[in-house]
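Visitor: Construct all of the structure, not just a fragment, from the sequences and the given hints.
Quick note, the sequences are listed as chains F and B, same order.
Numbered per full-length UniProt numbering, the first sequence spans residues 1 to 128.
Numbered per full-length UniProt numbering, the second sequence spans residues 1 to 917.
Simulated from the structure, these hints should not be mistaken for lab results.
We treat Cβ as the ideally placed atom computed from N, Cα and C, and that holds for glycine.
Wrong hints could be hidden among the right ones.
Stated by the list, open to error - Example chain B residues on the side facing chain F (calculated, C-beta under 10 Å, incomplete):
#, residue
1, His690
2, Leu692
3, Thr694
4, Thr697
5, Arg700
6, Arg707
7, Asp708
8, Ile712
9, Asn718
10, Phe720
Unchecked claim - List time: in silico DSS-like cross-link candidates among lysine-lysine, alpha-carbon distance up to 30 Å:
#, chain 1, residue 1, chain 2, residue 2
11, F, Lys92, F, Lys40
12, B, Lys908, B, Lys781
13, B, Lys286, B, Lys27
14, B, Lys681, F, Lys92
15, B, Lys849, B, Lys726
16, B, Lys849, B, Lys781
17, F, Lys116, B, Lys717
18, B, Lys726, B, Lys781
19, B, Lys853, F, Lys92
20, F, Lys75, F, Lys92
21, B, Lys726, F, Lys114
22, F, Lys116, F, Lys92
23, B, Lys853, B, Lys726
24, B, Lys681, B, Lys717
25, F, Lys116, F, Lys40
26, B, Lys27, F, Lys92
27, B, Lys717, F, Lys114
28, B, Lys681, B, Lys853
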Amino acid sequence: MPRVLVVDDEPNIVLSLEFLMQQAGFQVDTAADGETALQKVHAVPPDLILLDISLPGISGFEVLEALRAEARYSKLPIVMLTAHGREVEREKGMALGADDYITKPFSTRELVEKVKNLLQEQQQSQGE
Amino acid sequence: MRTELVSLAFAFGYLAILFLIAAWGDKRSEQGRSIINSPLVYTLSIAVYCTAWTFYGSVGRAAETGPSFLLIYLGPTLAMLLGWFMIRKMVRIARAQKITSIADFISARYGKSVRLGVLVTLIAVIGIMPYIALQLKAITFSHAVLTGYPTPPIQTLAQETFWLDKSLWVALVLAIFIILFGTRHLDASERHEGMVAAIAFESIIKLMAFLILGFFVVFWLYQGPLDLFSQAAARPDLVGSLGLSAVPGQALGWVGTLVLATLAFITLPRQFQVLVVENVDERHIKRASWTFPLYLVAINLFVIPVALAGLLLGPAAQEPDSFVLTLPLAAGLELLPLIVFIGGLSAATGMVIVETIALSTMVSNHLVMPLLLRWNWLHLDPGRNLSGWLLGIRRVAIILILLLGYLYHALIGDSYSLVTIGLVSFAAAAQFAPALLLGLYWRGANGKGAAAGLIGGFLVWAYTLLLPGFVQSGWLAPGLIEAGPWGVAWLKPYALFGLEGWDIYTHALFWSMLVNVGLLAGVSLFTRQSRLEQTQAALFTEALRPDVMQTPLWLGQTTRGELYQLLNRYLGQAATHRVFERHDGRQSSNARDESIAPPGLITQAEQALTGALGSASARVLINSVVRGEALDLEAVLSILDTTTQTLEYNRRLEQKSAELARIGEELRAANERLRELDRLKDEFVAMVSHELRTPLTSIRAFAEILRDSPDIMVEQKNHFLGVIVKESERLSRLIEEILDLARLESGRMRLNPQVVNLSQLARDSTDAITQLYEERQVTLKLRLPDQEAWVMADPDRLQQVIINLLDNASKFADSTRGEVLMQLEAHGKNWQLAVEDNGNGIAEEEREKVFEKFHQIQQQGQTPSGRPRGTGLGLPISRGIIAHLGGRLWVEGPHFLSGARLVIELPKLQAPHETQM
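Guide: Structure below.
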């Protein structure tokens, strides 16, 4: 069962994402800030991360950068979540190596769809 | 040591050194490496003011009339202080118009008048004669003292035939010496650099000699100044003679002598020569304005001590005028008297050299040349080169001037003391002052007025000072002074029109100046100026305005060939070539050039001639070849006006551009502010949108979950619905707060101020929040006073603020044993309501930031879960409201607990209305 790590500092958003991912059949882990997120990734590496940008302490961008800097996480699918609708941020996220970028508030169906696709792609590329 | 031979050897040796210095100065000048281009040399050359009269006479005057000698030196100090305005103006005019002497200056000012040139020259020669005589007398007298001591020198003219009189020989030796280094080349406006160098050297020698003597007297003859003064104080007769009351004519005498010295310092021909004509750089005037007075102080330092020592010495000191020599002689010294003699010689020769050169230039340019030109002697043979003639005239003039000086000395000199003779000359030179100084500032002063003033003033001078001199020498009957001519008492030379009791100089100065200025002003007002005079008057009075002098002033026409021939005759070929080259920038013209000479070239030719012949003669010569008029007054004035207008226009342009620059700067600053505001607005909008999206995200997500998952458990469903409701409330609250903030910032927040009991309001606020505190398990403690705490406030808004603070405090209080304290107390004229929690507190540098919009206090993992985050707008809004109510809101460190302490301060209301609340 694929593991999804949900990182966000809003408890209610974490709650909703957790429910959605579980409903889609994934194992879910959560973190409320960047520091915890990195610890959790290193403890039990997930198959995909839903990563909010504005976090207390180190930001989502910094977490992304740190993970991409490690070879073993270079292919790990990471989806950025943000309440900032600005195009610049989207570009920055993509440039730093995010696989997708989802603006809050999001459509739950679309989100689940995207996560599923990314995990499938991931499995395929690993299988090859 | 004191033999005739040794003293003569010293004197001639000294003259030889002078000659070498002058030759060296001339050579360096020709090489273009001037040695006199320094403010120090300028200062020293002005010190030619200190003649033998200073050197021997100051002590004499101090011994006889107390400190009055100082006035002779205060005058020049005064004049130098005005130098930057007055002397600089004269220097600028003299340079532009190639002025060669004071006669030339006055003549040029009044329309290049030949008549005035003659007049000034005559007055100068007659008036200065006594002064030159004085120097000759000083040289022979000091020599006689030196070689004859202790026998006093014979005071009257030698009984033998005149060729045995040493003064004659001194005069002749000096004449030859001056001819050798004063007339080596013609163009007098090319300055006498060698002469100036030699004069500066002489000023050093005379100062050193006097200082050495002074030290000798004070520290060798006496044990320092205290010793000398205490010995003098023991002699009541000495104390009296050196007091202020010894000055002749009392206070009036002071003023008279001071004015006399001030005027003479500028108008004596030799002073005008070194101050104006020989000035190399007008900036030197500024420096000299304090260095020259300093020189005067130095050379007068020991005058009183030497005079006292001489008087104390008694008969062995002989005449007061010879104290400087007799003091070292009486002490039996050999070398010091010789040094003093050379010092006196340098003082005398310096004056004679400069004075004679100045006078000879005036005589040749303003007396002889105009006569020769008028009688047409020089036109007999147009092809002849006349530049040699001019030098010849000048040399003859030098000899004549010195012989005249000798004659005055021989006939009259012995009847006056040194000082008296000097002041007589001062008074004569002062006659030039009205024409000179008024001419610099009053455009209306004209030539007829100047001539009338000069003649009138001179006649009064001759009557009140020169004539009595003849009487005292026995050439006229003494009854003239005692009873007046033909027994008419009010015509007595020393008491004209019954003006008695004044000292003779103040008396003479008063009457001569009254007549001089009166005639100059009166005649000028009632007669008209010629066109050239108007032009020159304008140029002189406006001399300090920029670009005035560069204007070519000739409108008439002539050919280049004619100009060339004219210059060639009077200046020689080399100088003529220089003039044409300077104008054209290359060697171009010859005597057969038929092209029209441009106005600038004519002006330069005239200036070159002026430099050699003086302005009046040059004018006549140029007129002889140029057909047409000089530029008239209207033209000059229009040029001046154009300059003024241009200046004014430039000034306005400058003003406008400065204004534009300022406006540009303001615009840029405003733009900068707008950009900053724009950036802040963008940021605000981005933050607002972020804050709004966050609850919206939860609402939408749970709404969709509920829609898409019809089969979830009721319990879970209710929880999700609860979240939706809570987040919607949060959204509403946020929108409300954003609107509040917008109202506060735009000033449209409506407050309803009334008298409020803050104590009661605080208590009411806790009621609204009790449930929240129970949920969060935080204890609230109150410390409210029993008495009413009246303030003026909008109760709803104030309660909003208090609840906000209590809400915040509960969020940040300790997670396990949360505690909040609300305290109200009086603080001077204010009430302070403080809300304090027992959380981690806020770092000092963060305390102002919490009032920034959307600022979230960073407390990772510290905010207990279940306690919702704030919007980041509560505190900015609270502060805005409190400010609107006339109070303050701030954060400080803990007083009783451990966390943050937020304080509301509102002014106490003094007269509470019990009816309210």
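Visitor: Now, for every hint given, state plainly whether the structure supports it.
Guide: Tested hints:
For histidine 690 of chain B, the interface hint holds, the least distance from its beta-carbon to any beta-carbon of chain F being 4 Å, beneath 10 Å. Evaluation of the leucine 692 of chain B hint against chain F yields a held restraint, the C-beta minimum of about 8 Å falling below 10 Å. The interface hint given for threonine 694 of chain B holds, since its Cβ lies 5 Å from the closest Cβ of chain F, which is under the 10 Å cut-off. Interface hint status for threonine 697 of chain B: upheld, as the beta-carbon distance to the closest one in chain F is roughly 4 Å, under 10 Å.
Of the supplied interface hints, the one on arginine 700 of chain B holds, with its beta-carbon coming within about 4 Å of a beta-carbon of chain F, less than 10 Å. Interface hint status for arginine 707 of chain B: upheld, as the beta-carbon distance to the closest one in chain F is roughly 9 Å, under 10 Å. Hint on aspartate 708 of chain B holds. Least Cβ distance to chain F is approximately 7 Å, under the 10 Å limit. Among the interface hints, the one on isoleucine 712 of chain B holds; its C-beta lies about 9 Å from the nearest C-beta in chain F, closer than the 10 Å criterion.
Because the closest C-beta pair between asparagine 718 of chain B and chain F is about 14 Å apart, greater than 10 Å, the hint is violated. At about 8 Å, the closest approach between the beta carbon of phenylalanine 720 of chain B and any beta carbon in chain F falls short of 10 Å, and the interface hint on this residue holds. A C-alpha spacing of about 24 Å is found between lysine 92 of chain F and lysine 40 of chain F, which places the hinted pair at or below 30 Å, so the restraint holds. A distance of roughly 24 Å separates the Cα atoms of lysine 908 of chain B and lysine 781 of chain B; the hinted pair therefore holds under the 30 Å criterion.
Between the alpha carbons of lysine 286 of chain B and lysine 27 of chain B the distance comes to roughly 28 Å, so the proposed pair stays at or under 30 Å and holds. Distance restraint check for lysine 681 of chain B and lysine 92 of chain F: the Cα-Cα separation of roughly 23 Å lies within the 30 Å cut-off, and the hinted pair is therefore satisfied. A threshold of 30 Å between alpha carbons decides the hint, and for lysine 849 of chain B with lysine 726 of chain B the separation of about 28 Å falls inside it, so the pair holds. A distance of roughly 27 Å separates the Cα atoms of lysine 849 of chain B and lysine 781 of chain B; the hinted pair therefore holds under the 30 Å criterion.
For a cut-off of 30 Å, the pair hint linking lysine 116 of chain F to lysine 717 of chain B stands: about 25 Å separates their Cα positions. Restraint check for lysine 726 of chain B and lysine 781 of chain B: the C-alpha separation of about 28 Å stays at or below 30 Å, so the hint holds. For the hint pairing lysine 853 of chain B with lysine 92 of chain F, the CA-to-CA distance comes to about 26 Å; that is within 30 Å, so the pair holds. Under the criterion of a C-alpha separation no larger than 30 Å, the hint pairing lysine 75 of chain F with lysine 92 of chain F is consistent with the structure, at around 18 Å.
Between the alpha carbons of lysine 726 of chain B and lysine 114 of chain F the distance comes to roughly 29 Å, so the proposed pair stays at or under 30 Å and holds. Annotation: proposed proximity of lysine 116 of chain F to lysine 92 of chain F holds, straight-line Cα distance about 24 Å (limit 30 Å). For the hint linking lysine 853 of chain B to lysine 726 of chain B, the alpha-carbon distance of about 23 Å falls within 30 Å, and the restraint holds. Between lysine 681 of chain B and lysine 717 of chain B the alpha-carbon distance is near 40 Å, which puts this suggested pair outside the 30 Å criterion.
Of the supplied pair hints, the one linking lysine 116 of chain F and lysine 40 of chain F holds, its CA atoms being roughly 21 Å apart against a limit of 30 Å. Of the pairs offered as hints, the one joining lysine 27 of chain B and lysine 92 of chain F is violated, with about 83 Å between alpha carbons and a cut-off of 30 Å exceeded. At most 30 Å may separate the alpha-carbon atoms for a hinted pair to count; lysine 717 of chain B and lysine 114 of chain F meet this at roughly 25 Å. With a C-alpha separation of about 12 Å, the suggested pairing of lysine 681 of chain B with lysine 853 of chain B holds against the 30 Å cut-off.
Checked against the numbered hints given earlier, this structure breaks hints 9, 24 and 26; the rest are met.
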